[in-house]
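Novice: Produce the entire structure from the sequences given, and follow the hints as far as they go.
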Amino acid sequence: MGNCIVPYCDGPKSTNIRWTLPAVCFVWQTAMIILFGVFVRYNGESDAHWAEFKMARNITSDIDNDFYFRYPSFQDVHVMIFVGFGFLMTFLKRYSFGGVGFNFLVAAFGLQWALLMQGWFHSLDYTDGMIKIGIENLINADFCVAGCLIAYGAVLGKVSPVQLMVMTLFGITLFAVEEYIISDLLHARDAGGSMVIHIFGGYYGLAISWVLYRPNLKESSQLQGSVYHSDVFAMIGTLFLWMFWPSFNSATCDHGDGQHRAAINTYLSLAATVLTTFAISSLSQKHGKLDMVHIQNSTLAGGVAVGTAAEFMLMPYGSLIVGFCCGLLSTLGYLYITPFMEKKLKIQDTCGIHNLHAMPGVIGGIVGAITAAAATESVYGKEGLVNTFDFTNEFKNRTPAVQGGYQAAAMCVAVCFGIGGGTLVGLILRMPIWGDVTDDNCFNDEFYWEVPDEEEIVVPVLEYNNHMTPNNMGVYY
Amino acid sequence: MGNCIVPYCDGPKSTNIRWTLPAVCFVWQTAMIILFGVFVRYNGESDAHWAEFKMARNITSDIDNDFYFRYPSFQDVHVMIFVGFGFLMTFLKRYSFGGVGFNFLVAAFGLQWALLMQGWFHSLDYTDGMIKIGIENLINADFCVAGCLIAYGAVLGKVSPVQLMVMTLFGITLFAVEEYIISDLLHARDAGGSMVIHIFGGYYGLAISWVLYRPNLKESSQLQGSVYHSDVFAMIGTLFLWMFWPSFNSATCDHGDGQHRAAINTYLSLAATVLTTFAISSLSQKHGKLDMVHIQNSTLAGGVAVGTAAEFMLMPYGSLIVGFCCGLLSTLGYLYITPFMEKKLKIQDTCGIHNLHAMPGVIGGIVGAITAAAATESVYGKEGLVNTFDFTNEFKNRTPAVQGGYQAAAMCVAVCFGIGGGTLVGLILRMPIWGDVTDDNCFNDEFYWEVPDEEEIVVPVLEYNNHMTPNNMGVYY
Amino acid sequence: MGNCIVPYCDGPKSTNIRWTLPAVCFVWQTAMIILFGVFVRYNGESDAHWAEFKMARNITSDIDNDFYFRYPSFQDVHVMIFVGFGFLMTFLKRYSFGGVGFNFLVAAFGLQWALLMQGWFHSLDYTDGMIKIGIENLINADFCVAGCLIAYGAVLGKVSPVQLMVMTLFGITLFAVEEYIISDLLHARDAGGSMVIHIFGGYYGLAISWVLYRPNLKESSQLQGSVYHSDVFAMIGTLFLWMFWPSFNSATCDHGDGQHRAAINTYLSLAATVLTTFAISSLSQKHGKLDMVHIQNSTLAGGVAVGTAAEFMLMPYGSLIVGFCCGLLSTLGYLYITPFMEKKLKIQDTCGIHNLHAMPGVIGGIVGAITAAAATESVYGKEGLVNTFDFTNEFKNRTPAVQGGYQAAAMCVAVCFGIGGGTLVGLILRMPIWGDVTDDNCFNDEFYWEVPDEEEIVVPVLEYNNHMTPNNMGVYY
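Protein chains in written order, with full-length UniProt numbering: chain W, 1 to 477; chain G, 1 to 477; chain E, 1 to 477.
These are calculated hints, taken from the structure and not from any lab test. One or more of the hints may lead you astray.
You can't tell identical chains apart in this list, so a pair holds if it fits in one copy or across any two.
[Stated by the list, open to error] Below, in silico cross-link-like pairs of lysine-lysine (BS3-like), each with a Cα-Cα straight-line distance of 25 Å or less: (1) 396 to 382; (2) 343 to 132; (3) 218 to 346; (4) 344 to 218.
Computed from a predicted structure; not experimentally measured.
Specialist: Right, here's the structure in full:
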């Protein structure tokens, strides 16, 4: 049943996903196998013909295989996707299984679909009509998945796994088109995906959450919070995201100085964000106590906002300034914007992705546009300017100022795709067939998971004091 | 006392390991020091004579040191061994210390012994009789340890740390011999160790568990399950194993395309496994609820099964097919085979290693044999075929079809070593001197660990509501 | 109020950090931005002029950018700083937020200040007066931070975040000076920082803790311990430190054999430490039970002690011997020295940093001095000896024996800076303005964090058994 119209009538029954979830998984996975069979092959650097490829291009050492430039960063990004996003979403007291588990499911599906969608747009070998994949495709697939996981943050605890799969299917598709427009047609640079990933993912999720508005969500409020240990679990996610963000922003940059500079900029921006986040968090409470929600989320905003400009000559102090502002704004967002959005705009944003992704993404897009427009040959060097902005082929006459304009246009594209796509997908997700819970049963793993029974633990407590020897123990939480 | 004959008479006393464990640790570690002193030195790439080594081989850049090809993968494998396996075994409600702690102990011992055993077989410098080690030896030592940790999964919670050390000592020894037969004598390829590591480790553990059968284990059943938080801890292990499996399968592959392709194949296979695991897990329960045991374990089966063929031209869709089948079979294994084995075959398999390692390992061995036999020069290229299968020196006339036969033979060797070795070691472990617990005290950290007293927490609960002020609070879970 | 003089009179009020913490964060972060603006730029390998830099130095491939030599190690070190140290300090039952959270805050500040301080001493480009940073600077900044986080371990749970910031500001400053004296003036080698990082950090923290002695700390004793889950969280920290220590010790070593050898030595030393730690831990208890405190900490001592000599030709067996001794001594330290220090020397050392850092650091310094003095051309090769000890320029005539003397002198410098600096900073921290807690309120997150209310969980327990249905459940721990 549509969750807005008859919220109570069908009770827990509607959450039975015994047929829909397996059907979706089997059919889509089978489709992936067929499409991969028809379309996907190894590229020159991962194919067994590498020896010939090397010779043809005069490559002298195996170490010049792109694998060695990007694999360490790829693994870091991979950790961000599965442990970073996954554990960040374990903060709810009784939705940790869903947080980390559904994240796992949709990412594993999403990356396959992303390899195809992005492959058709970017890695198609026109000589044989095949998508040729290598390590950079894996990184981009993980990036594409990140967009959908961001969106998951807005609806965490309120949707069924089947809805998440549908969200991911459409999200990846929209992402690939949006990315093609931004990076190929507009030729905008977006190393860390402030626009392509974070703006799109953020608004996509918020728009879906807006369409799926749950008027009686407050009846689940008892579960919409953390407990002590779940907050510590969430810090695992926060820290892995925070630490590996330099790899995220540099993973697909140009070899050499591009990757090097992107890592430095991101490292610095994130460091500054931490300080302003702690400052605002402490300021906002009567006794100056810190709030774990801010520490878990806002400390990451600097990584988002430095994404577009990461490869540019933003300068170390520029990175710090970006981080400084983002920690401040993101934390204020949690304090004022999230409650405002929930009350006035009817947008319920479980993880506060507006403050962590959408808004910092916009800042990142603006920073990118400005720094691109301000680029000069004296700062970049003649060759450096061409390399950094890829002013080659049909774009060889583009000037930095014009590039700045295209960067700004790219940002608008990302916002439109996010809001437009999210609204449409939200409407699809309102169909009464997806097995989502009623408003008073949100944020509860019991509906989709076999949750270990804690009751049996309560009983031995009583026996505890009676027959207790080294055998002799009882209370297990 | 033998745990089968007089299960109750000696009670908790028998678990005193105050002399045996320290004795084993000190004596064995001292032996390691002596053997390393006699036998182990740095190899050409880690020795201070590297400058001369470089010049002799016309190497122009330090980046061509094998360290830079393999160190990132090594660290990922290292994480899998200690955090991956360790945290995967924290899922029991009251055996998390033992899961992660004993894993730590036996891995730290095992890798030293593995460096020696594998060194004698593979890295002996006949000019001076010394084992010369470098980064690849460290990776192989970690691999060797993985075999023993897999075996630990079958007996988790039912053996003493001293028994684990003994299991590891023999396990590493058997592993090194088996590996020598498979990789040197049979010249079978096994990049990710589906056969060498997983089949061997799986059957080794199952055979030990069979010999150590505990008829009254059900009396510990109260502890043979998880609690909410322990399941989340176990997901840390699952995810690090899942994410870094591409590094595991590619770590010792050929430089260049070999490592690159192995990483791609593993990445894809694992992704497909996740979807079929979720599907079967949901299908198996009346309300379609997912079971954490499946998600924690079966999602990894695809990495095991693609191990042997990871470096081959399995093709992206081939990897997906392997992953698809493994997620399905592994989850069905948890549903049907594990209970069957326990009831009918008297094999108690705590972590279900049969479903995660032994069976997927066999699938991997079969896939490897078939894809090797089917290899053609048109797919691999002339040089690619020689490089991938190492058809050089005395094997330069071997054809792919013959290679397929040897691959199949290798699989049989792994099975035989696992079952034969495990049975023998199991008999040794039945001696009444190892300090293991009785059947009704399994899965309980209290016998080998100082467990923090939770009792004091229960009392303040009542006071909590009465005089709770910032300096006076009570309930801490 | 000074915590020694009037411990009770001001109660929880004194912990209000609503103005001090934000002020410190904002002002210091702003200062960083200004100083970075004036002083910090990219170096030749991270600047967009890289193409010209390459040409000028005849570098043929982008892979020779230092980024590719060091980035994987950098990320491992980064994980050690934030997850390793952070989670190691979550072991207290009710101070996990403070452990991981304040670690995050001070590390994020510290690395910025370290980039400046170390930059002025080591990376100043005299042509334009600018600090030029690249990946090696980021690693060194993380190292510098490590020294301060070690010190945090001694005062964990007893200081306010503002005090920690002050400790870090002075700690980084002292560190940079000490490092300059040791590595530049004395020209001592200290790859993994046994002296520069661990001795300094250890004694710095112990001296501060000594000055801040809390006579009535036992009144907080109920909270100065772990619970089951907090011990498992701490193992995350332990394992990431343990696994990535080879990266820590090799991160800034010479390209090629230097990094390679340092990783091998550290790997081996740590493995041996684990065995002796388990042995002593088991020996020390009547029933041979293991103590999590030892496993979490002493297992790491081998990494500390092999730090100085990691790059030397310590030989594999030499590394094992160092690890063997350190596991033994460190565990004995927890058993005998920590209680002795607390009772007799009035030094309260929450995490036992004396056993994990200070003492093993001294062992490492001694090992380094001896192995340096014993270095010969036959073992290192002519060029190897020069490269390993950097006997170039004004040091080209230094002999190994003399080098050994300077290594010993360096150790004394580190001890003096630690004790002297710590005493001074401790006095500053005794000023009654920093918002620290009273003696009976230590180890409690309630004073600085919004801790989720667990009370609501207690009530539903009773309802649990009555009307538990899938939509209506209660007990959540």
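Novice: All the hints need checking, so say for each whether the structure fits it.
Specialist: Each hint, compared with the structure:
Taking the shortest Cα distances, residue 396 and residue 382 sit within 25 Å of each other inside one copy (12 Å), while across copies they are farther apart (41 Å). For a Cα distance limit of 25 Å, the shortest separation of residue 343 from residue 132 qualifies neither inside one copy, at 48 Å, nor across copies, at 49 Å. For the homomeric pair residue 218 and residue 346, the shortest alpha-carbon distance inside one copy (13 Å) is at most 25 Å, but the shortest distance between copies (51 Å) is not. Proximity of residue 344 to residue 218 under the C-alpha cut-off of 25 Å is restricted to the intra-copy arrangement: shortest distance 15 Å within a copy versus 51 Å between copies.
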